[in-house]
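Enquirer: Chain residues, written in single-letter form:
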Amino acid sequence: EAAVTQSPRNKVAVTGGKVTLSCNQTNNHNNMYWYRQDTGHGLRLIHYSYGAGSTEKGDIPDGYKASRPSQENFSLILELATPSQTSVYFCASGDAPRDRVNNQAPLFGEGTRLSVL
Amino acid sequence: KTQVEQSPQSLVVRQGENCVLQCNYSVTPDNHLRWFKQDTGKGLVSLTVLVDQKDKTSNGRYSATLDKDAKHSTLHITATLLDDTATYICVVGDRGSALGRLHFGAGTQLIVIP
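Heads up: the sequence lines are chains A and B, in that order. Positions 1 to 117 (my numbering) are the ones given, in order, by the first sequence. Positions 1 to 114 (my numbering) are the ones given, in order, by the second sequence.
Hints may be right or wrong, so weigh each one.
Claimed, not checked - Heads up, simulated EDC-like pairs for lysine to aspartate or glutamate below, C-alpha to C-alpha not over 20 Å straight-line:
1. K42/B / D83/B
2. K57/A / D94/B
3. K37/B / E110/A
4. K54/B / D69/B
5. K37/B / D38/A
6. K71/B / D83/B
7. K18/A / E79/A
8. K37/B / D84/B
9. K42/B / E110/A
10. K71/B / E5/B
11. K42/B / D38/A
What the hints assert, rightly or not - Just a sample of chain B residues kept apart from chain A, beta carbon distances all over 12 Å, derived:
12. Q9
13. V13
14. T28
15. A70
16. L81
17. D83
18. I111
19. P114
Rather than coming from a laboratory, the hints here were simulated on the basis of the structure. Owing to the predicted nature of the structure, the values given are computational and were not obtained by experimental measurement. Cβ coordinates follow ideal geometry from the N, Cα and C atoms, glycine included.
Could you build all of it, start to finish, from the sequences and the hints given here?
Expert: Printed below as a string of structure tokens:
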């Protein structure tokens, strides 16, 4: 069954610490995404990847790095965590949409709730 | 600037009632529009996708419309159930790149009460 698995599901970090959020997909999708979700905002794109070895900046990349070592795995790295990065982070996988027949929905993980104190 | 606006922000209905959620957007180009359901503490699950200039879809008790000329979509839920309590998110996909960039609304929080 197709799935996107995020770990950890919850994380408390200290300001200035390093945080790594992991994402694994079993869907054989080329594209993977990291978003953050904050109250009153839609999901915002942090980084994305076209495939193993590629990472691209999204709309709000500052303070974040990404790593795509394989087709299945995509990590989000906070080198120096700050309280403003307290949020819920979602990983998704998918392929470029075309028409309705081929327009498969991106699949989302269940989220990682990160608190930076 | 927010490119996808959803209304209302929140909505309370009684079980069995119908409801309508609205989505207005300014994304250009607009390749497709998708509605997601997000249960509390969970990820987003796709309900339906609309792609044509004037489109309609139906998926059980969920039906949706899209008018690309008006840049407007609606999601109708008929005979609501307690399990329909969730946040419903409108997402517009553009053709800005082969990746198909997605633009997310902030969601409508629906609460269904007995």
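Enquirer: Compare the structure with each hint and give your call.
Expert: Do the hints match the structure? See the list:
Under the criterion of a C-alpha separation no larger than 20 Å, the hint pairing K42/B with D83/B is consistent with the structure, at around 14 Å. Pair hint K57/A plus D94/B holds up; C-alpha atoms about 17 Å apart against a cutoff of 20 Å. Restraint check: the Cα-Cα separation between K37/B and E110/A comes to about 12 Å, which is no more than 20 Å; the hinted pair holds. Among the hinted pairs, K54/B with D69/B is consistent with the structure: their alpha-carbon atoms are about 8 Å apart, no more than 20 Å.
Note on K37/B and D38/A: the hinted pairing holds, with a Cα-Cα distance of about 16 Å set against a maximum of 20 Å. For a cut-off of 20 Å, the pair hint linking K71/B to D83/B is broken: about 29 Å separates their Cα positions. Taking the CA atoms of K18/A and E79/A, the gap is about 5 Å. The hint holds against a cut of 20 Å. A hinted pair counts as satisfied when its Cα atoms are at most 20 Å apart, and K37/B with D84/B qualifies at roughly 9 Å.
Between K42/B and E110/A, the direct Cα distance comes to roughly 5 Å. Compliance with the 20 Å bound is thereby established for this hinted pair. Distance restraint check for K71/B and E5/B: the Cα-Cα separation of roughly 11 Å lies within the 20 Å cut-off, and the hinted pair is therefore satisfied. A C-alpha spacing of about 14 Å is found between K42/B and D38/A, which places the hinted pair at or below 20 Å, so the restraint holds. For Q9/B, the condition that its CB be more than 12 Å from all CB atoms of chain A is violated, with the nearest at approximately 9 Å.
Here V13/B stays apart from chain A, with its beta-carbon at least about 22 Å from theirs, past the 12 Å limit. At the 12 Å boundary, the C-beta of T28/B stays outside the reach of chain A, the nearest C-beta of that chain being 16 Å off. A70/B, annotated as away from the interface, keeps every beta carbon of chain A farther than 12 Å; the closest lies near 20 Å. With 12 Å as the threshold on Cβ separation, the claim that L81/B sits away from chain A holds: the shortest Cβ distance comes to roughly 22 Å.
Against chain A, the non-interface label of D83/B holds: every CB pair exceeds 12 Å, the least being about 17 Å. Non-interface call for I111/B relative to chain A: holds, since the shortest CB-CB distance, roughly 16 Å, exceeds 12 Å. Residue-level check passed: P114/B sits 27 Å from the nearest beta carbon of chain A, beyond 12 Å.
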